[in-house]
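Given chain A's structure and the hints, the job is docking chain B onto it.
Protein sequence lines correspond, in order, to chains A and B. Note that the numbering used here numbers the first sequence so that position 28 is 28, with each residue one more than the last. Note that the numbering used here numbers the second sequence so that position 104 is 104, with each residue one more than the last.
Treat the hints with caution; some may be incorrect.
[What the hints assert, rightly or not] So the derived label-pair ranges between C-beta atoms look like this: (1) A:S7 x B:I179: 14 to 22 angstroms; (2) B:F80 x A:G27: 27 to 35 angstroms; (3) A:G27 x B:G79: 23 to 31 angstroms; (4) B:L29 x A:W107: 57 to 65 angstroms.
[Claimed, not checked] Non-contacting residues of chain B with respect to chain A, defined by C-beta distances greater than 10 angstroms in every case (computed): (5) G73; (6) S147; (7) L180.
[Claimed, not checked] In silico DSSO-like cross-links for lysine-lysine, where the CA-CA straight-line distance does not exceed 30 angstroms: (8) A:K148 x A:K82; (9) B:K186 x B:K118; (10) B:K118 x A:K5; (11) B:K104 x A:K5; (12) B:K118 x B:K104; (13) A:K82 x A:K44.
Since the hints were derived computationally from the structure, they do not count as laboratory data. Ideal placement from N, C-alpha and C gives every residue a C-beta, glycine not left out.
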Amino acid sequence: MEFSKRSLVIFGLGWLTSIALVGLIAGYYYIEYQNLLAKLEEYKGQVMRVNICINYEGWNGTIVWHNGTLVLAGCDLLSATKRVAVVNYTYWQSMQASFVDAINNIWNNGTHYWMWYRWTNNGWDYGPVGADRYILSPNETVMWRYEKPQY
Amino acid sequence: MTGKLALKTGGFNEMNCKHTALLAVMTALCVGIQLTPRPPNVETTSLISFLVGFLFGAGFGALVGALTMFINGFFSSWGFAGIIMPFQMAGMALIGFTGGFYRKILGGNPNNVASPTKVLRLEVSFLAAFLTLIYDVITNVGWALPSGVPIIVALIQGAWFTAIHIASNVAFFGSAFFILVRIVSKLLGEGLWSSQKEAS
Numbered sequence: 001m002e003f004s005k006r007s008l009v010i011f012g013l014g015w016l017t018s019i020a021l022v023g024l025i026a027g028y029y030y031i032e033y034q035n036l037l038a039k040l041e042e043y044k045g046q047v048m049r050v051n052i053c054i055n056y057e058g059w060n061g062t063i064v065w066h067n068g069t070l071v072l073a074g075c076d077l078l079s080a081t082k083r084v085a086v087v088n089y090t091y092w093q094s095m096q097a098s099f100v101d102a103i104n105n106i107w108n109n110g111t112h113y114w115m116w117y118r119w120t121n122n123g124w125d126y127g128p129v130g131a132d133r134y135i136l137s138p139n140e141t142v143m144w145r146y147e148k149p150q151y
Numbered sequence: 001m002t003g004k005l006a007l008k009t010g011g012f013n014e015m016n017c018k019h020t021a022l023l024a025v026m027t028a029l030c031v032g033i034q035l036t037p038r039p040p041n042v043e044t045t046s047l048i049s050f051l052v053g054f055l056f057g058a059g060f061g062a063l064v065g066a067l068t069m070f071i072n073g074f075f076s077s078w079g080f081a082g083i084i085m086p087f088q089m090a091g092m093a094l095i096g097f098t099g100g101f102y103r104k105i106l107g108g109n110p111n112n113v114a115s116p117t118k119v120l121r122l123e124v125s126f127l128a129a130f131l132t133l134i135y136d137v138i139t140n141v142g143w144a145l146p147s148g149v150p151i152i153v154a155l156i157q158g159a160w161f162t163a164i165h166i167a168s169n170v171a172f173f174g175s176a177f178f179i180l181v182r183i184v185s186k187l188l189g190e191g192l193w194s195s196q197k198e199a200s
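With the rest of the complex left out, here is chain A (with noise of 0.2 angstroms):
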């Protein structure tokens, strides 16, 4: 196919502006990543960063990791939990603690159940308490696994 003269400007011109438009949109997401990265710097010691693992073994054995979330500090284990994961949970009165019922529409059944292990030296320990009463330190790392429970 030849094109004209004419045709070759245009299209030379239709060329250009597609250039300019992808500049543009490149450099709008640049100013927002500095924009995010600014607000980042600003917020430093209000947030923290942890690492969370969903293990579904007692499921199809899929292993999901969410390293670096960034949380508020102070934050509790079920409130990160839920910025990464849908999750269903009881607020049980006498135990003054929320217990996790499904994450990611998994569900407890009657074996299999949602624990919580944190990591520490000597390997994954079993949650102490219920995840909305533990507060996760920063860059600390928890996995969440359906399992059968040992006890």
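Frame of chain A, contents of chain B only:
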């Protein structure tokens, strides 16, 4: 009077009643659509101004574009345009003017417009993209200068609005321009190229 109302409009061509009426209708249509609430930056004013320029001459195209944006500046559903209005008028006038200029550089080849090839459709779409970008640059400059915002920042902040504007105009021009040219030419009852002598 033989049914021909000759209008001497400076550099413009002589126009008969049909031309005048059609031009008035298109201007009204242009203003009407422009003032109708619609998604931001999706507009047909560019298309109609370009079309008027193409059919009636660059001067008329520029006039329709500028006047539409002038009226829009006061009655737009987005509110009074303010300081940006002259820039909108200039941008739209440029689009209307380019419509006339494009016809001039197309030359006398009625077959091209009667059944436009893919290349011509592409040309019009690419031209629409470029003109829309220029329009957005002009209006962003018009906003940035009095606000004291760097021009490049103003352009970047409006990048997605520009993208929507360009995409919609590319679609409108590519799909509707030559169809509208055919319809209007039929309404005028003239050959596609006889309504503007300077084009041949």
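Hint by hint, work out which the structure violates, then give me just those numbers in ascending order.
-> none
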